Amino acid sequence: MINLEKEIREQPVVLANVKKLNEDTIKAILADVKQSDITNVYFAARGTSDHACIYAQYLLGILVGIPAALGTPSVVSQYGGKLCLKHSLVVGVSQSGAAADVLEVIRRGNECGTITVAVTNVNDSPLAKEAKYHLYCGAGHEASIAATKTFTSQMYVLGLLCGMWAENEEFLAGLDKLPSAAEDLLSYMPEKIEKLVARYHYLPGAVVLGRGMAYPIALEGALKILETNRMKMKGYPISDFYHGPLAQLHEGDLAIVLAGEGPTLPDAVKMINRLNEVGAEVLVISDSDEALALSPFALNLPKTGSDFISPYLMAMTLQLIALKLTVVNGIDPDKSKVLNKVTITK
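Numbering (the working numbering) for the sequence shown: 490 to 835.
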């Protein structure tokens, strides 16, 4: 079994351990936050880790009611900007914990005397050592170029932080049930995708669309497919896709739409109908019967009852699409001539 498939299949076990590994540390972080004058959260990350932060950005706004910013690390690392982070909870997210520019943001947070948190998959990494608190993905070694289990474990640990901060028992209960839902997905989705993706042999490119909680998954799904299959892919928010990007689609072009049950479902349904009018081939990934009925190319997710939880299952489905496309295209997803597993951006 290639590493990419093995690591995708490890996610139910990885996710089941995240709470045990981090619950006490999160309680300590939140006790510290309550004793401070924190008014916002400032994230520093790159690539896949960026997308996990966007997921948390939505949760913080919706559940906690606190604004969160996706930071610009080069302001500190390249331009020497003296950001005022005194009232920010500064969170640096990096799978390897070796991202030099993210490390500089954490150092700046320490200089400002604020609370700093690292989220990594390496306990003794520079980022883990520099931050006041370390949240551990506990995903084990990840050999494939494409991040899979480290991405969903980053999402989970950040989700746990947000859920405990908000004291939202419904969301926390959903997180507890997620490993079982992920296991359910892996019991049937690989075979469904395998039957579908043969039609995408020599696919030149496509778009992945989502809104709200599904938006960061659209970004991440496009990244997973392009980096493993070496094709042009881009993720967009549904709300922005009408404003120009829609013009790139022609009859027969592939558009993947993430349509989770929740407040943004009507927008996803409207977009699917618009894409059908254009004549695009629409692949729907959804837990909504309404959305699934709108396309002959549809992948049904286990029903979780929450669009805070369904993004994990959307991410895993897109990972599987990336994996199965490499088989169709005769590509080894564990190797790349241009990409490295660890990228240290300065």
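The hints are simulated quantities; they were obtained by calculation from the structure and are not laboratory data.
As the structure is a computational prediction, the values presented were derived from the model and not from experiment.
Check before you lean on any hint, since a few could be wrong.
[Claimed, not checked] SDA-like, lysine to any residue: derived pairs with alpha carbons at most 20 Å apart:
{"no.": "1", "residue 1": "495", "residue 2": "676"}
{"no.": "2", "residue 1": "721", "residue 2": "691"}
{"no.": "3", "residue 1": "621", "residue 2": "691"}
{"no.": "4", "residue 1": "721", "residue 2": "736"}
{"no.": "5", "residue 1": "516", "residue 2": "625"}
Structure versus earlier hints, numbers of those that do not hold, lowest first: 3
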